[in-house]
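Visitor: For the record, the sequence lines run as chains L and S.
Numbering of the first sequence is given in our numbering, commencing with residue 1 and proceeding in unit increments.
Numbering of the second sequence is given in our numbering, commencing with residue 1001 and proceeding in unit increments.
Keep in mind that the hints were calculated from the coordinates and are not lab data.
The reader is advised that the hints may include incorrect statements.
Below, simulated SDA-like cross-link-like pairs (lysine to any residue); rule was C-alpha separation at most 25 Å, straight line [to be verified]: (1) S:K1129 <-> L:T73; (2) L:K98 <-> S:H1101; (3) S:K1113 <-> L:R28; (4) S:K1129 <-> L:K98; (5) L:K98 <-> S:T1119; (6) S:K1113 <-> L:L82; (7) L:K98 <-> S:S1106; (8) S:K1113 <-> L:R111; (9) S:K1129 <-> L:R111; (10) L:K98 <-> S:K1113; (11) S:K1129 <-> L:E122; (12) S:K1113 <-> L:R29.
DEER-style ranges, computed between Cβ atoms [to be verified]: (13) S:E1033 <-> L:I4: 42 to 52 Å; (14) L:G9 <-> S:T1112: 35 to 45 Å; (15) L:S26 <-> S:G1111: 33 to 43 Å; (16) S:Q1121 <-> L:S80: 17 to 27 Å; (17) S:D1060 <-> L:G9: 32 to 42 Å; (18) S:A1063 <-> L:I4: 35 to 45 Å.
For glycine and all other residues, C-beta sits at the position ideal for the given N, C-alpha and C.
Residue-level listing of the chains:
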Amino acid sequence: MTAIAPPLGQPSAPRTYVIDPEWVRSFRRAIPALAKKSDSQGDREIPLTFPFVLQPNPIPGLRMPDSGLVHGTQRFRYVSPLRIGETVTVVAEVSGYKERGGTAFVTLTTRAIHADGTDAFEAESLLLYPAGDEASSQVTPDP
Amino acid sequence: MVKQRKGESWRRSVTRTTLKRPAIPMKKRTFLEPAYVILEQPDLIRYAAASGDYNPIHYDREAARAAGLPGVVVHGMLNMALLAEYLGPWVEDGYRVEEFHVRFRSFVRPGTKLAIAGTVQSETDDEVKIALQITAEGAPHAAVTGEALLRRDHPE
């Protein structure tokens, strides 16, 4: 099968989120605690992996299969912390693509900016799927 | 800490341990005390709801098998979240995480005892680099490996 190479560098439409306190709280509660910590500490913190739920809008021209998609690696670079109640905007692009042994490797980079235009974080996901399967559907990656 | 809501029947299946930083100064490659967790199906459902990741391979056995898996598997990002929790003692110590990356090497099944462990790779007054891993009981290799870089501005 012939793989459809995704468009490198083509940005998604910006997507804006308000960091809702209840959303953060339910996310935090869904993560089993490993250590006892003070309640105040727990309430201030936005979990390190919370940025992943701020999924971007679809990237024009990016086609990936619904099933058979594997999350290979995940990287976060935290520039300045997200704050409860603030508005952030996320934009994603395909920053890398290669095929090897019938497998497609797509790197998606998502950048989040605060309302004042400064960087909040950058997230990079490596997703793998059988090359050629992307024709079946057009989706944003499943987290 | 998670408070059980009234009427909530889900049993939290987590073995809680208290993590402690080893005494300072640390030498290179200090092994940290592991934490142990068993994630059960309700934990996965709770995470699906909170994260919006409703991929059926995390709750529907048939869908998981159709995808070539032996059964339902834990969300990769929930595994990463456990590693993030493991960094908690440093964050409480005034460090902020600047970079955090993981590699998902094999699927993690619910109901399996997981050991979450870390190794201090390097440490200065204001910077620490920690290698992290999750290993399922009985597995020959880590299912998830990663690394975090933490900094603080004003060392104690």
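Visitor: Please write out, lowest number first, the hints stated earlier that are contradicted by the structure.
Guide: 4, 5, 6, 8, 10, 15, 18
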